[in-house]
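Undergrad: Below are the chains, spelled out letter by letter.
Number of protein chains: 2
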Amino acid sequence: MTDGIPRPEIGNGELDQLCANAIRALAIDGVQQANSGHPGLPLGMADAAYVLWTRFLKHNPEDPHWPDRDRFVLSAGHGSMLLYALLHLTGYDLSLDDLRRFRQWESKTPGHPESFMTPGVETTTGPLGQGLATSVGMALAERWLATQFNRPGFNIVDHHTYVLCSDGDLMEGISHEAASLAGHLALDKLICLYDANQISLDGPLDLSFSEDVARRFEAYGWQVLRANGHSMTEVAHALAEASDEPERPSLIIARTTIGYGSPNKAGSAKAHGEPLGVDEVRLTKERLGWPTEPAFFVPGEVYEHMQLAVEVGNTRQREWEMMLERYKAGHPELAALWEQMQSKALPADWAATLPPFVADPKAKGTRVASGEVLNALVKVVPSIFGGSADLAGSNNTLIKGAATITGEDFGGRNLYFGVREHAMGAALSGMALHGGLIPYGGTFLVFSDYMRPAIRLAALTRLQVVYVFTHDSIGLGEDGPTHQPVEHVMALRLIPNLHVFRPGDANEVAMAWRSALERRDGPTAIVLSRQNVPTLDRSNGLAPAEGALRGGYVLRDAEGARVALLATGSELSLAVAAADLLADRGVPARVVSLPCWEVFEAQDQAYREGVLPPALTARVAVEAGRSLGWERYVGQGGAVVGVDRFGFSAPYQEIYRHLGLTPEGVAEAALRVLGV
Amino acid sequence: MTDGIPRPEIGNGELDQLCANAIRALAIDGVQQANSGHPGLPLGMADAAYVLWTRFLKHNPEDPHWPDRDRFVLSAGHGSMLLYALLHLTGYDLSLDDLRRFRQWESKTPGHPESFMTPGVETTTGPLGQGLATSVGMALAERWLATQFNRPGFNIVDHHTYVLCSDGDLMEGISHEAASLAGHLALDKLICLYDANQISLDGPLDLSFSEDVARRFEAYGWQVLRANGHSMTEVAHALAEASDEPERPSLIIARTTIGYGSPNKAGSAKAHGEPLGVDEVRLTKERLGWPTEPAFFVPGEVYEHMQLAVEVGNTRQREWEMMLERYKAGHPELAALWEQMQSKALPADWAATLPPFVADPKAKGTRVASGEVLNALVKVVPSIFGGSADLAGSNNTLIKGAATITGEDFGGRNLYFGVREHAMGAALSGMALHGGLIPYGGTFLVFSDYMRPAIRLAALTRLQVVYVFTHDSIGLGEDGPTHQPVEHVMALRLIPNLHVFRPGDANEVAMAWRSALERRDGPTAIVLSRQNVPTLDRSNGLAPAEGALRGGYVLRDAEGARVALLATGSELSLAVAAADLLADRGVPARVVSLPCWEVFEAQDQAYREGVLPPALTARVAVEAGRSLGWERYVGQGGAVVGVDRFGFSAPYQEIYRHLGLTPEGVAEAALRVLGV
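Line order of the protein sequences matches chains A and B. Using our numbering, you'd call the opening residue of the first sequence number 1 and step up by one each time. Using our numbering, you'd call the opening residue of the second sequence number 1 and step up by one each time.
Note that these hints are calculated values from the structure, not bench results. It cannot be assumed that every hint is accurate.
[What the hints assert, rightly or not] Where chain B lies over chain A, by a calculated footprint (3+ residues, C-beta under 8 Å): (1) 189–199; (2) 353–363; (3) 451–459; (4) 491–502; (5) 629–637; (6) 646–659.
[What the hints assert, rightly or not] Under 7 Å between C-beta atoms, here's a sample of chain A residues computed to sit facing chain B: (7) E62; (8) H65; (9) L207; (10) H422.
On a predicted model such as this, the values are computed, not experimentally measured, just so you know. Ideal placement from N, C-alpha and C gives every residue a C-beta, glycine not left out.
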């Protein structure tokens, strides 16, 4: 299997093989030109991917956003040149010059696929396992929307999600979570093409991997099929069988030779992650019967054949659009809802439904307020959809009165992700990428670490996703340090383009949700307390919670304020109490609420300096987490009342007291800063 | 199965059942007294755990550190009262009063097990899946040490690793990685007792989970056994069979009733995560035939029977110690090596083997230097053992000339973890906990996110582990933003008790390794560049690299320095070049290298202020990562030349230039700060 000569006996037609080899040649030329990249996967999977793209994939290269297109996810994102070659050859807006600029500054062909850089790239991949789990979210969204919108004769939502994955993808833990969830939910329109090439970066796969992948996926409830990945006939049969399967997701184990066609590197790790080299590129082309010059050569008949995708795609999309027109006539309300959800527009006056919370010194955990806000919102914003990673009750993410999503019935609104934080994170991204949904997912804040790679990709890919992270500090008490996220709020703030909201009371919670729903170009983490915090009485000199929409605001001012007390979340009321103590000592203090740093820092300088005047240099921050990072606001002369160690297992009031997170502690810090 | 009446037909003897019920009663009393905790697991697993602890587990309650003891890991850490009850009843230093103080301030019985708080607790658990993967590391360490040290007639290292896990553990992705790795490595002495109770926090397990766990583990190459978890006979048979298995790890699927014995809550999620309530505690005790008063009652015959563990344990340990004495006589060199590795002591003069690197303006990636240091160190520090997550070549973690660890042969030194960063992280912790090893593991820095929960637990548990994180910034170039860790260095600095070393040249790399090996009470992450950086010429006015051992030092001073340039890693030489430019402009600048903040901050104030004098307020930091956090050192008046966005796919020199990470950019920032 290590030579690359196309053999008629595996059933590939001459033109088909020419097309597959065009993909191969473009891929190795791209990698060679960049002098960087991964030739092995495109060489190995060209045949199978060609079959999928030309005989199965429903898509329109002239409209990469057609809602009912099939999705194709290259989970093994390092094989990006395979995808770029396919996009170019089937007629997407990606030129040969774009391919020549593979991995160059601001090119449309970055080293790993980025959906915001390249038309036709469905999601950003590279970190292994993410694409597979993201595709589960896409398939999940398809099925949920299909259940909501399809009517007899009107399959408005009816497409497959294809994912190409590698050995590395399947080694990652997230692949387990995602595949197990997909099997549980019976996502029959999810089809995974597994490039089983038996090679990993370090060498032969059996250095580290010996599992029976077929048996494993059968255990998850998948259909498992096998094919010689270099036989187009076998791959086509398997894809057809997968498409026909009515109940289970399908895994097609395509046995391939990595670097297929390269005389000296095929079948070895040498073909994996570095350019073949000029000589080996030449030898490979010779072996494939390909002109060695010029680079980036594509025969006219290849274009002619593969760009049929444009005509076919346009025809299919037109047919679908005509169906949609008839649907609008027959089901006008559903059609209107469909269009609204697709557009991501929020209904008029939606924000008026945000519940106002009345002042209450005893009050509730901000997580409880979040649950009330969420339940109010879903009534007017039907695209909100999500669940929790087995903590629905604790995260307050359940939609009351709504049914549970099951493999048999997708008519509900409550999704149980299971104890699968990482797959949940990536699936939320897939749901957002699919369109039609504003997804949310809940877990404890400490477990945001389990899904951090997925959060990062969502932020990079600019996806509207809402994370509901409860039990946000030492305030969860007895569960102890393993469950107390002292560093997580600041660690999340470090992820570019992620908004981290830590609301200080119930009314700020409503504003956090509002901000998250209004934001289209990135994810928002809403960070919530387990323990009760007062709903502040804002009738009495405290500013309205709408200030939170600017990320930070003066909650309470004081004539001639000598010190500013900055706080977030459950420590906001503590700062207010500290200001009272300071007032008693004759020290007027301003209290600044900073629930979302990223939004605050996006305000103009005048606003920011209005909230934190440069002249007001005496500043104390209080937050039940690491102090590192707060120096940005309090300066070197300021103080931070934080938690610079792991927490404790004990009733939370005791932990707060021992760590000095008390009104007295904050007031003392302020006096120290003032040198009083 | 939902009533709790012990039935003779399942083969439990009367005394045995009394002991199991004593565990149950202590557990529910502990949870009730704390008014917080998880009664369901201890009630469900009391029978099986009792059998394991009294008939199989090799341990000595009077010496929890006996090196050849069996390890027991409660992966489902929320069931901590089960473990505390077992420790108390078998005679560990854990009193009834300790049990009464469950989940209270500074008690020895925190909400989740913490190995540094409680004698007999092998590791810190709670975040699901971690315990299972940690136990894989323990079993791996056992096998490696056995291969090194056992000789005919002398099984110095010969013990099992038992792990009790729950449905939630097996849903987590890390369980897939860990179990797949254990199967691949044929860790036959790893035995997992799976509490299959069909209930998760949100309700019946089938809300989210429907996989065939047996089939899945068979796919990993495990032996799978089944038992009624309430039949001591069946559990004992399964444990015996697991112990006899010579090649595969074993999974015992123990079907249990969560909350067994509780008349109104058994078999439901209500028994899972909250106290039963006073009434239900009473009803449960009645159902179990237990005195309802007093709480924390233990019959004398239970103590008598279960504390046999002390006598048996002492006898077995004595026998082992006698064997060790004979071993010392017969194999003195091996025995000396064994003792040295057990003691964690480093050989005399070990640090002299650290290679000095000569100045070289072209030089090498700091990852290359790290590989050379590592290869030098293993020759004198035999306890260093580890590998990489399928990036051995890129991480430079291979031990040259050493063999590969395989399931058949553990005689090598190179471990291939596969693309399993998370399991690798936890396994490293298990190896450190086992003793005899200083484990290291490598991956790209960006994938530290995949293993972050394991890093956090290692830091909390104070384990000596070395993480080798290469490709540490935009400097990796073409692979693009998915692989460029702009936020990860600072995010790691946020984890308490983790040392994050980002050495600036080859000689600082040697110091980073030295610091990591000398540190016994916590992990160290060594953060390394892909791209070449100069090895600084320190003969010429630059301070020696030993300064790095204090975390930060003045690399180059200047008479009347007006500005301090702070840098780490690959940006250190850039700061030096900027200082040259500033000197040309007549602005003397001090260059401060800050490779490890945590170590620097542990220095006394005089030292710190010597490096960064409070009067030298004009400061510029340069690091190819997020600026947030650097305000700690540069103050509000200073500047940070950093990367406050995701990166780009392009040759790295271009990325540096576009982002202003150049000597000119740093010099300009300094001039701006100075108002020049």
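Undergrad: Any CB of chain B closer than 7 Å to the CB of H65 of chain A?
TA: violated (23 Å)
Undergrad: Holds or violated: E62 of chain A as interface residue toward chain B, Cβ cutoff 7 Å?
TA: Status violated, d = 26 Å.
Undergrad: Is the shortest C-beta separation between L207 of chain A and chain B less than 7 Å?
TA: holds (4 Å)
Undergrad: Taking 8 Å as the C-beta cutoff, is the stated coverage of the segment 189–199 of chain A by chain B satisfied by three or more residues?
TA: violated (count 0)
Undergrad: Is the hint on H422 of chain A kept, meaning its closest Cβ partner in chain B is under 7 Å away?
TA: This hint holds: H422 of chain A lies near chain B, its Cβ roughly 5 Å from the closest one there, short of 7 Å.
Undergrad: Are at least 3 residues of the segment 353–363 of chain A within less than 8 Å of chain B when you compare beta carbons?
TA: It is violated: at least three residues are needed, and the segment 353–363 of chain A offers just 0 whose Cβ sits closer than 8 Å to chain B.
Undergrad: Count the residues of the segment 451–459 of chain A whose CB lies closer than 8 Å to any CB of chain B, then report whether that count reaches three.
TA: holds (count 5)
Undergrad: Are there at least three residues in the segment 491–502 of chain A whose beta carbon sits under 8 Å from a beta carbon of chain B?
TA: holds (count 6)
Undergrad: Using a Cβ cutoff of 8 Å, are there at least 3 residues of the segment 629–637 of chain A near chain B, or does the coverage claim fail?
TA: Held - the segment 629–637 of chain A has 5 residues with a Cβ nearer than 8 Å to chain B, which meets the minimum of three.
Undergrad: How does the coverage statement for the segment 646–659 of chain A fare against chain B, requiring three or more residues with Cβ below 8 Å from a Cβ of that chain?
TA: Result for this restraint: holds, n = 8.
Checked against the numbered hints given earlier, this structure breaks hints 1, 2, 7, 8; the rest are met.
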